[in-house]
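*Asks:* One letter stands for each residue in the lines below.
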Amino acid sequence: MRTRHLCSIGLVWLAATTALLAAATQTIQVTPLTREGKVYVSFKLSDGFTDEVAEAIHSGLTLTFLYDVDLKRSASIWFDRTIASATVSATVKYDTLTRKYSVTRAYDGRIDSADTTDSEEIVRGWLTAFDRLPLFSSAGLEANAEYYLRVRARTSPRTAMLFFWPWVGHDVAGMARFTFIP
Amino acid sequence: MTTVRDFTPRPTLPPRRAAPAAAAPAERRPFRDNPRLILAGIVLLLVSLIAMITLADRSTQLNPDFLSEVVLYALSVADATMLLALAFVLARNVVKLVVERRRGLPFSRFRLKLVAALLGLTIVPSVLVLLVGSELIRKTTERWFSIPVSDVLTSSRAIAGAFYSEREEAVAGQAARIAAGLPSQALTAGDLDALKAAVSAPVTEGRVGMVEIYRLQQGPGAKPDVVAVFALQSPSLPPGHVKASADRLAARVAAGSSDTKAHEPLDSGDELVRAGAVAKDAKGAAVGVVIASDFLSGDLARHARRIAEAYEAYSQLRVLKRPLEGVYLSLFLMMTLLILVSATWLGLYLAKRITRPVHMLAAGAREIGAGHLDHRIEPETRDEFGSLVEAFNAMASELATSQRRLDRSKKDLERKNSELDERRRYIETILERIATGVVSIGPDGRVSTINAAALRLLDIDDAIVGAPADQVFAREALQPLAALVRSVNAGSMKPAGQEIALARDGREIHLAAAATALHGGGAHEGTVIVFDDVTPLVRTQRVAAWRDVARRLAHEIKNPLTPIQLCAERLRRHFTGAPPPVKDLVDECTSTIVGEVESLKALVDEFAQFARMPAPKAVPSNLNTVLNETLSLYNGLFSHIRLDKQFATGLPPVRLDIEQIRRVVINLVDNAIEALGGAQAASTNGEQPCITIETQHDSTNAVARIIVADNGPGVPKADREKLFMPYYSTKRRGSGLGLAIVRRIVAEHGGSIEVGDNVPQGSRFVMELPC
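Protein chains in written order, with the numbering used here: chain C, 1 to 182; chain G, 1001 to 1771.
Since the hints were made in silico from the structure, they are not lab data. Heads up, a few of these hints could be off.
Said to hold, decoys possible - The calculated BS3-like cross-link candidates involving lysine-lysine, where the alpha carbons are at most 30 Å apart (straight line), are:
hint, chain 1, residue 1, chain 2, residue 2
1, C, Lys-100, G, Lys-1243
2, G, Lys-1243, C, Lys-93
3, G, Lys-1243, G, Lys-1196
4, G, Lys-1321, C, Lys-38
5, C, Lys-100, G, Lys-1223
6, G, Lys-1722, G, Lys-1558
7, G, Lys-1283, G, Lys-1196
8, C, Lys-93, G, Lys-1196
Full structure from sequences and hints, please.
*Replies:* See the structure below:
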């Protein structure tokens, strides 16, 4: 009995560790661009469309990829200052009967686009790659100062947990520094 | 073994009264003593348990986002909080109990044991239940996803999907065929008849339910506008379909989207399957869009949807297995923690409920032991502990009453002791002050007390207190007193006065002594000797006797002296003519007789003066002035004798008869001059003859002293008492009345005069006069 308990706990631990390792291999490539008074943000989550995510989507579960984008400025002796923040989300719903994916993309709660496709590859792109999103205004930025963009990604709802602990790392983060030149 | 005593009826607790409005705010009752709060806590606990059960029951129906983002996190936070609370409560109380135990506080060991026992009773089964329950939950959730169910659901979903796909493909094929056969010129020109003719066949033949034709018309933008041309519908197609759905699909198809199929649920429960295709002209340019629609019957669509929903629910359950497990485990953990926290709290609560009254009793006993008899314990309960507390309070009240009685008795006793002390001090003061000597001898024959007068009269030291009386009175001079004590102790003498003469420093002291045996309850308790100095009285009696003698002697002697003197003078005159030898003889004899008669007359005059000494006329006088005036008479008379005057300053006025005191001083100084050799005085031992006249003031005894001292040969001790007796003189021609008159004058002034040795030599007369 005791051995079985230990095995169960070990399996849970192993699963959680695997999830952590999987999260560790995921990266976000962030590319900033300042032009015409805007800060354009392009980012791509690589290896974000894991088997678990695919299984969750194909189960018909409405899955949302949430990206928290922060425009920050480094501080030497204190916490970095957040200049602006935005939330980008991509929600997918798979119709198991018609085998179609419905993807809705929104910025700060405002729906930007809603598309339907039966291609998983396209859905993968819609969910993990965003190109030149005009998220921030560059009006308040200081010329020739260095800033950086940080993007953190996670899925909702969470589908993994470590024993009693739900805060297991599905969060992936990426950042890119840039010097603001008006 | 306990003894059953008479039990008085248990006093009832006083009825609870509302606190007066003006009183200070009541102290806040702790949680453990507030039944309402305890009840509220129990209700809250039950509500929490019910909420947890309800949540667990409905967990699978919850929105996955809500489940994983809210419920799971809330439960985890609640678990962590309870775990921390439990750890804090345990750590705090363990530390507290350990500290109390180290300090040796009462009942700390008992509380520690009680809490440990309750924790041990709950923590082991709780942890076991948690482990087993967790495993059970895990196994149960795993059983949800059995392979047969999964296969059935997957296959059903595949069949339904295939059917849908097939229908889509069929409709899409019809749309493509219609689009291919559509005359582009007619579409461009808007020739509806030609168009209807081209699409009527599939509709009428039932291959599709409806065909809608759109024409692409180049608008202002880059994208062409999609304009509906006409729709041909089979009569069998159920109503309720929405044209906008077809418009959106047409626009999507025209835009070149790969998604050319759509499903539109109808109000009747049926479902419309749409598919679009682009119609092109001969050059291959898109000129229009054909949307072909067919419907699926309601039952078929519903079953397919049900299959899909069941599959999705099953698949989502598998995807959300971990969060669901987490919810169940968290709920289970929460219940376990609730049990543990409740057990811990209950253990502490019970320990306090049990030990607190006993602790209060112990503290109250310590307070009572420390003398705080007004200390009371407030009964907090009406159970046996309450009775015990009330019995303790009653005991404390009785003790306080007894203590107050004792205090009153003690104060009375102290007051009486104080009065006795005062009376004793008063008697002691009187004994110390009186001139009567008092000596008390204990039953053991030792001297218990002796007053100052006795010490002075007997010339002994107060160190004799505690010494045997026989030893104290063993001195030859005190033998009469020893005999007196012995006779009293022997019972041969009743208390009575007896005059005893004691010899001290060559002087005779007359004491009127009385010895009394003390008897208390028949037992001999000692002896008290009381004696007074009656020497002055004796002396006065003697002087009075001598004065009487002197008066008679003067009278009897003086009367024949004049005839004797006249006869002698007659004889001398008669023999004036006698022969020379006879005449010479007669002259010589008669001269002798006349001379001696003159001497006798002078002596008789002196006797007469002694006998007729008048009473002194005392007036307040400055003694130093009187002495100065008196001593001035000696100025220039005896140059070889030094008169040394040492007068005290601040001497109070003394009531005295100046003339009599002058006579006293002259007598004493004359005696001193004579003792020093008179006009022929010479230095002795190399020292100049000196007479010191000194005055002193003794404020304690209220006397002024006149001291006349010389450095002559001094007075032998044996002669000192006789010196003041009449008719005793050490001088060849003295009458022996000088110092007797001096003593009488001093006595008439209420004083005394004594003679002693001068240091280093000579005599010293000390005269004391009251002032």
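*Asks:* Now tell me if each hint is right for this structure.
*Replies:* So, going through the hints one by one against the coordinates:
no. : hint                        : result
1   : Lys-100(C) <-> Lys-1243(G)  : 22 Å, holds
2   : Lys-1243(G) <-> Lys-93(C)   : 25 Å, holds
3   : Lys-1243(G) <-> Lys-1196(G) : 18 Å, holds
4   : Lys-1321(G) <-> Lys-38(C)   : 44 Å, violated
5   : Lys-100(C) <-> Lys-1223(G)  : 25 Å, holds
6   : Lys-1722(G) <-> Lys-1558(G) : 27 Å, holds
7   : Lys-1283(G) <-> Lys-1196(G) : 23 Å, holds
8   : Lys-93(C) <-> Lys-1196(G)   : 39 Å, violated
When each numbered hint is compared with the structure, violations occur for hints 4, 8.
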